[in-house]
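Chemist: The lines below spell out each chain.
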Amino acid sequence: MNNSRYPSRLLESAVNEFARLPGIGRKTALRLALFVLKQEVDDVTRFTSAIRELREEIQHCKVCYNISDSEICEICASPKRDRSLVCVVESIRDVMAIENTQQYTGIYHVLGGVISPMDGIGPDDLTIEPLVEKVKSGEVKEVIFALSTTMEGDTTNFFIYRKLAPHSIEMTTIARGVSIGDELEYADEVTLGRSLINRMPFEKTL
Amino acid sequence: MYLKHINLLNFKNLKQCELDLTSGINCFVGKNGAGKTNLLDAVFYMSFCKSYFNSIDSQLIHHDEDFFVIQGSYIREDQEDQIYAGLKRNQKKQFKRNKKEYTRLSDHIGLLPLVMISPGDERLITEGSELRRKYIDSVVSQFDKPYLDLIIRYNRIVNQRNVLLKSARGNIKLIESQLDVWDEQLTITGEQIFNKRETFIKELEPVFQKYYRFISGGHEQVSIIYHSHHQKGKLTEQLLKRRAKDLVLGYTSKGIHRDDLELLLNGYAVKKDGSQGQKKTFFIALKLAQFEFLKDFFGFSPILLLDDLFDKLDDDRVSSLIELAGRDTFQQIFITDTQRKRLHDIVKQTGKEHRFFQVDNGEINFDI
Ligand SMILES: Nc1ncnc2c1ncn2[C@@H]1O[C@H](COP(=O)(O)OP(=O)(O)OP(=O)(O)O)[C@@H](O)[C@H]1O
Ligand SMILES: [Mg+2]
Ligand SMILES: [Zn+2]
Numbered sequence: 001m002n003n004s005r006y007p008s009r010l011l012e013s014a015v016n017e018f019a020r021l022p023g024i025g026r027k028t029a030l031r032l033a034l035f036v037l038k039q040e041v042d043d044v045t046r047f048t049s050a051i052r053e054l055r056e057e058i059q060h061c062k063v064c065y066n067i068s069d070s071e072i073c074e075i076c077a078s079p080k081r082d083r084s085l086v087c088v089v090e091s092i093r094d095v096m097a098i099e100n101t102q103q104y105t106g107i108y109h110v111l112g113g114v115i116s117p118m119d120g121i122g123p124d125d126l127t128i129e130p131l132v133e134k135v136k137s138g139e140v141k142e143v144i145f146a147l148s149t150t151m152e153g154d155t156t157n158f159f160i161y162r163k164l165a166p167h168s169i170e171m172t173t174i175a176r177g178v179s180i181g182d183e184l185e186y187a188d189e190v191t192l193g194r195s196l197i198n199r200m201p202f203e204k205t206l
Numbered sequence: 001m002y003l004k005h006i007n008l009l010n011f012k013n014l015k016q017c018e019l020d021l022t023s024g025i026n027c028f029v030g031k032n033g034a035g036k037t038n039l040l041d042a043v044f045y046m047s048f049c050k051s052y053f054n055s056i057d058s059q060l061i062h063h064d065e066d067f068f069v070i071q072g073s074y075i076r077e078d079q080e081d082q083i084y085a086g087l088k089r090n091q092k093k094q095f096k097r098n099k100k101e102y103t104r105l106s107d108h109i110g111l112l113p114l115v116m117i118s119p120g121d122e123r124l125i126t127e128g129s130e131l132r133r134k135y136i137d138s139v140v141s142q143f144d145k146p147y148l149d150l151i152i153r154y155n156r157i158v159n160q161r162n163v164l165l166k167s168a169r170g171n172i173k174l175i176e177s178q179l180d181v182w183d184e185q186l187t188i189t190g191e192q193i194f195n196k197r198e199t200f201i202k203e204l205e206p207v208f209q210k211y212y213r214f215i216s217g218g219h220e221q222v223s224i225i226y227h228s229h230h231q232k233g234k235l236t237e238q239l240l241k242r243r244a245k246d247l248v249l250g251y252t253s254k255g256i257h258r259d260d261l262e263l264l265l266n267g268y269a270v271k272k273d274g275s276q277g278q279k280k281t282f283f284i285a286l287k288l289a290q291f292e293f294l295k296d297f298f299g300f301s302p303i304l305l306l307d308d309l310f311d312k313l314d315d316d317r318v319s320s321l322i323e324l325a326g327r328d329t330f331q332q333i334f335i336t337d338t339q340r341k342r343l344h345d346i347v348k349q350t351g352k353e354h355r356f357f358q359v360d361n362g363e364i365n366f367d368i
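So the sequence lines, in the order shown, correspond to chains A and B. Counting along the first sequence from 1, when you hit position 116 you're at 116 in full-length UniProt numbering, and nothing is skipped either side. Counting along the second sequence from 1, when you hit position 163 you're at 163 in full-length UniProt numbering, and nothing is skipped either side.
It is possible that part of the hints are untrue.
[As the list claims (entries may be wrong)] Cross-link-like lysine-lysine pairs, in silico, BS3-like; alpha carbons within 25 Å at most:
(1) LYS166/B - LYS163/A
(2) LYS88/B - LYS99/B
(3) LYS163/A - LYS93/B
(4) LYS50/B - LYS96/B
(5) LYS38/A - LYS80/A
(6) LYS166/B - LYS50/B
(7) LYS80/A - LYS163/A
(8) LYS163/A - LYS145/B
(9) LYS295/B - LYS145/B
(10) LYS245/B - LYS202/B
(11) LYS271/B - LYS163/A
(12) LYS134/B - LYS50/B
(13) LYS136/A - LYS271/B
(14) LYS38/A - LYS27/A
(15) LYS202/B - LYS271/B
Derived by calculation from the structure, the hints in this document are not laboratory data. Bear in mind the structure is a predicted one, so any value in this text is a computation, not a measurement.
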């Protein structure tokens, strides 16, 4: 497919661009390009400007680094949110996942990844310093770690924990274990083992 | 548990072979290069989804063919289990139990416990520490499932730490606070592994000594000493002391990835002092101790494969081994030898049910 000949240079360059998207091969890229050709010009303009605006106008919230249409995101700006409770997450997707639960009333802090030398990511590439500053300001009472349960996630938790330890705040981590609805026999041994160690008073589960 | 029937197509030099096996001792006799070890390897393959000798699956296909198939029917708790392993050149291997293909091979490993003892195991004694750590890991992970996850996690920490050391290009200041955390992680995970290894070696040594004493007649003292940096005080402190050197080398010099077993015969390293027969006795005893661990864990006897076991051992040791093989601890055994009469005399003495197979140039036939 790579050395396919295209009847038009314009078509070829559109295919090249589509093919740069994650999960899109050249075959699919060609299909998408041909689809676009069949659309009304207005529809295509709306589509392209949505993408351009997404890239050009979106901002990162100055408080939590979530993406936002304004300097401060809706969550941080909301008077209903408890600003003394900060949940540390890796990415914007995690914010969306936790928001979907409708259980959380604090604010977030988006790190932008986890420490991983093999991927060339160190603490300076993440928003760890701003988090420390936030805590120093005295507004924060509790920090909840909600990073992925990989070794790198644990290491990052640990790194932040050490940075924040001198400040008298509470630090907690989300419970890890068997997810609700999982049948025990299908849970892997490590997860099941951890669920046993992290068992909790039964009343709390009611 | 035992293998009742095996059917091979194009596995190494065994073009076609179908055998009914006994639940006792199965003997394979033939000249050098006939295909005896290959047969044992096929049995090994059905337990571990890989060859004992060759990690490249495609090289197990007969040179003139483009696929191999191994099929076996096992009797486990009066139930029959059909195992199928097949590989076509340039394709993914297929592994099935009772006609159902496995999605993950790791789901199969452990179903049919097996221990192979082959002359190549001498490397356990003569070669570097990595093989001895692998020996520990392979035994412990069979009865302690989270152990393997710990090892994977630990190896990742070491890799991350090494990359970090290299990335600093000699400037410790750049990575100092991060390194503190990696050292801590390395220590925590390493310590968990250390504790498991230490407990295991403590339990292993007397079992190993029991077998060594039995085979050798009891005049030789043997011991296994576990060495780990974790025995020398807090690892984080050792890492800190070595930090400057590690930075230059881009390598983590302390931790359980440097663990070793010191193997002693009458107080001296068996690697240097031991005779050929003593070394052989040593690794046979190690493997038999492994067998006993697995047996205790699974509650039934694993299959035992003995490749060229009697070579280099004197008559006394051979008779002791036979006496062992005759015990109830062991159930199904596969033995290879080049001398029919020798093996026949030996096996007769065990009083166990046995069958002989003649192996000639890639063909195997039932004999008596
Ligand atoms: N992929 C293959 N295709 C065909 N023949 C093979 C293949 N791999 C190995 N062989 C042959 O298998 C033979 C070795 O068989 P094996 O190791 O089973 O011998 P053995 O009977 O155990 O001999 P020994 O008594 O020397 O240990 C060699 O002759 C080798 O050429
Ligand atoms: Mg052989
Ligand atoms: Zn915000």
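Chemist: Among all the numbered hints in the text so far, which are the ones the structure does not match?
Modeler: 3, 5, 6, 7, 8, 10, 11, 13
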